[in-house]
Every structure is written in structure tokens, then in C-alpha cells.
Amino acid sequence: MTVHNSLILPLVTFHDVGMVVSLLAIAAGLIWLFIRSLKGMEVDRRIIFLFIFAAVAAPLLFPFTFSEKATPVVKALFNKVESLPPGSHVLLSYDFDPAMAPEVQPMANAFTRHCLEKGHKVIYMCLFATGQGQFEETMRDVIAPEFPDKVDGVDYVNLGYKAGNEGVLNVIVTDFEKMFPTDVNTVPYDSIEVFKGIKSCKDLDLIISIGGGRPGIKEWVLFVGDQADVPIATGVAAVVAPQLYPYYPKQLLGLLGGIKGAAEYESELVRNYPRFKDSPTPGLKMMGPQTLAHMVIMSFIVIGNIIFFTQRRRERKS
Amino acid sequence: MKRQVPLFITFFVGTLLILSVFIPPMENLGENFTLFFDIIAVFAFFLGGGNLLRVHFKKLSKKKRDWQYSIVTICGFFFMLAAGLFKIGNPGDIASSVTAEGSLFQTIYTNMFVPLGSTMYALLGFFVASASYRAFRAKNREATILLIAAFIILLGRTPFGTMLTVWIPDSMSIAQIPNLAIWIMNSFNLAGQRAILIGIGLGVVSMSLRLILGVERTYLGDDSA
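Chains as they are written, first to last, in the numbering used here: chain C, 1268 to 1585; chain Z, 121 to 345.
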């Protein structure tokens, strides 16, 4: 034990020192640029790239996390999953590709964790061909290690991908079996226990679409949510979230936007279920790089404006 | 005749699908048509794959600029196709999922496609930073409003926003930066997005009617209509 402590202690110190040094280096660099900006000197694009690289790399190398509090849009979805009785049917649609995955995969994993912990029956499917591969990430990182007692077909089922975009939704809104006669492992629909008492999307208790592209949440709202009157929620990339506010809170009961949304959901999950304290929380971890990157971008906006006003004043004088 | 038949099919199917939404007994018909659509959609993959090969083989044969990359594309395409079709390394039998853990397809997907895709998307961060430095300048009143809104949203998406305004009492919570960011999203952003959505909706209705009634014929390759 003593040996372990003596090994860990210097590592912790190294992390702290590394973090402080990185932050100081970034701050010093920004101050230098700020002083230059007062003279009206423009900043080269490559310097901006360098700062963004440092702002993202430093918190990844020397991680630091912030405590998050769920905003009402996130809390609404968390409370919905929480309020459903065990055995409720929740559909998770993986409508994203690897490009979006860093932002939305943490949400998908958190939803899975929450639903399986509550004892809900989870149905997985995807409108993106790449969604099936992304589900395997959840399978490997969450279901297999954290819920080894959950059985495929009994507690959850993966229907996989079907081509046709909104066409797929247009069929499953009235009949699942017509579109998915088997699951992804070719098990017939009738022999899958999860589907007992489920004929269509109308029989589901909650649908969560994770993604941000097309087909995605808009199609789920238009073709399923409105028609079948099923509660729908979503977790999307930050860039898409503003477009979905018109649907909240009537057509979308909850909305997670980007890493911040994922971090809020993860923090709420850990707060309510201490069992997940040691589970991976990529959303919370990525808030460090995101926060620092945002601060750097804001600094550059300020610097850019100082340069602009300095140059304009000079032009007027001359 | 070459024009009349496609026009009739469009009119017939379009009208039928609209009716199937409003007349419950016809619901099944609409579903079946959608299934036909889904089956046709699968063939788009064959077309997509064929087109990819055609473009790259052409580039290769004519030794156009950067033709070397086409070799990588074609090899990658066939390699992944083989890994998926023949389920190489799949832990289960031929009926098991193509993405089953341990299969060659999923291994390549996880270790190559996922990092490459994420990297491409992450590069955007650099350009966003550079663009905000150049574009977000208070040149006039409109730009200043945009700048202030962007600043609040950016700050509101970080824990610093909370830290900076945590001292504001709950009775004035709207002035807290995260709440201010939500207010901007829920009011100004919402109004703008809703207007765009309604506009798009009306546009879709009008375009659908034009197609069904045969007024819009550009899909037939006829520009004169």
C-alpha cells in the first residue's frame, strides 16, 4: 500500500504541475497577443491553431473536471427515464456516424446505463448504416462489463440498420415486424421476448434518437412522435441543438446538446446512482478541453476586436 | 408517351399516399408503398458502390491528379466489402451480425474508421476558432448584437459561465449567464428557427403539389416546364 502511495503521489503532483504550467503558458501567450493587439498587429492563423491545439491537448494530458448541474432540458429527459416503471420499453436509435460519435456516444452510453439500471427493456436500432457499429461500442463499453447479467433478446435487443430513412419510420409506426422480421442476429421477431406486447412504435413508452444528421430526430418527430403520440427525446451534436428548440417541450420532452448535455446527464446519473461513480464519464472529462477551447476562442474574439478598433482609429487619424 | 407515363405514375402514387394518411382503411396501402420505397432504397447502395468504382477506375486509367489515392479507395472498398460479405473472423456463424465484436469488419471500423471520422470532424474546431477571430468583429450594430449573443452562448456552455454569475440571487436568476444563454436559445433562436421551419413546410407542400399535378417536370429532365 505504501509503495502504491509513493508511486501515485508523484504522478498526481505531476498532473497538477502539468495542468498549472499549461494554463499559465496559454494565459501568457494570450496576454502577449493582447499586448500586440493594442498596437494593431494581426494574429497569424497558425498561431490561433497552435493555441486551440494547446487548449484541447492540455486538459486531455492533465485531466481536470468540473461539476455539472442538469439544465431543465436535460433534467426533463432524466426524470422521464426515472419515472417509467421497470419493464417499460425504451427505443434507442443510433442515428450517427463516427464523426459525431465523440459528442453523442457518451449520451448513448449514459442512456443505456440509465435504462438498464432501471430495468427497462431497451430496443436498439439505427437509421444510419454506421449506427450499428456504434452500438457495438456501447455493447463493449457498457453492457458487457457493467450489466453482464442482462440477456440479449430478454432485456435488450438490437434490430440493426435498415435502409429507407423516414420510410423505415413510416412502417414501424404501425408494424415493427413488417420492417424488422428478425433482429440483427437473425432471431425471428416472434421469439424475441423484448417484443412481447409490442406491435408498433405506438406501444413504446419512450423513444430517444441519438445523432444530429438526417435521417434523425426531425424525422422521428414528424413520422413517429406526432402520429403515434409517443414521448420522444433526443441527444444531438451541439451544432444541431439550436434547430431543435422549436420542438421543445411539446414534441420533444428533453434535449441534450453536445458534450455539455452529455456531461449534465452523466453528472445526474452519478448523483442518483453512486454505483456509476467509477464508470467512464467521457462527457464530463471532455468538458475540460471544451471549456478551455471556448475560453481561447473568446479571447481571440476580444483580441480581434481590439485590433479592429485600433486599426480603425489609426485610419481615421491618418 | 415518354412523359405521360412518369407523370401518371407520380400523380397516381402521390395522390394515393396522401389519401392513405387521411383514410384509415387505406393505411395498409401506404405502408406497402413505403416498403417498396425501402426496397428500392437498398439498391441505392449498389448504385453508390458502382459509381464510386467507376469514378476511381476512370481516374486511375487516365492517371489524373492524385490518382494514387484512388488505389487506396478501391482497395479499401473491396477489403471492407469482403470483410462484411464473408463475415471474416466473426465469432458466430454466417447468420450472426456483421458488426459482432471480434469480427474483422468491426475491428477495422473501431480502429480505423472511428478515429479517422472523429479526426476529420475535430479539425473543424481549428477553422471555427480562426473564423470567429476574423468574423466576430463589431463592425456595425447587427454585428455587435451577434457578437454579444455568441459571447453569452459560448460562456453559457462552460462552467465558467456559472462561476462568473453564481453570486446573482435566485430572484434575478435570468441574469445568470447559463440562464441567459438558454433564454437566447428559447426566444430569439426559437423564433427564427420556427419561421424557417414553417417556411420549409409550406415550400414542401407547394413543391409536392406541383409534382403531383405535373406542373414541376424538372425531374424528368425537362427544363422547359
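Keep in mind the hints are simulated off the structure, nothing from the lab. Treat the hints with care, since some could be wrong.
Unchecked claim - The following residues of chain Z were derived to be distant from chain C, with all beta-carbon distances above 12 Å:
(1) 165
(2) 186
(3) 248
(4) 252
(5) 257
(6) 261
(7) 271
(8) 291
(9) 311
(10) 314
(11) 315
(12) 337
Said to hold, decoys possible - Only part of the chain C face toward chain Z is listed, based on derived beta-carbon distances under 8 Å:
(13) 1315
(14) 1457
(15) 1461
(16) 1568
Note that beta-carbon positions come from the ideal geometry of N, C-alpha and C, so glycine has one too.
Going through the earlier hints one by one, which of them does the structure break, listed in rising order? Those not satisfied are hints 1, 3, 4, 5, 7, 9, 10, 11, 14, 15.
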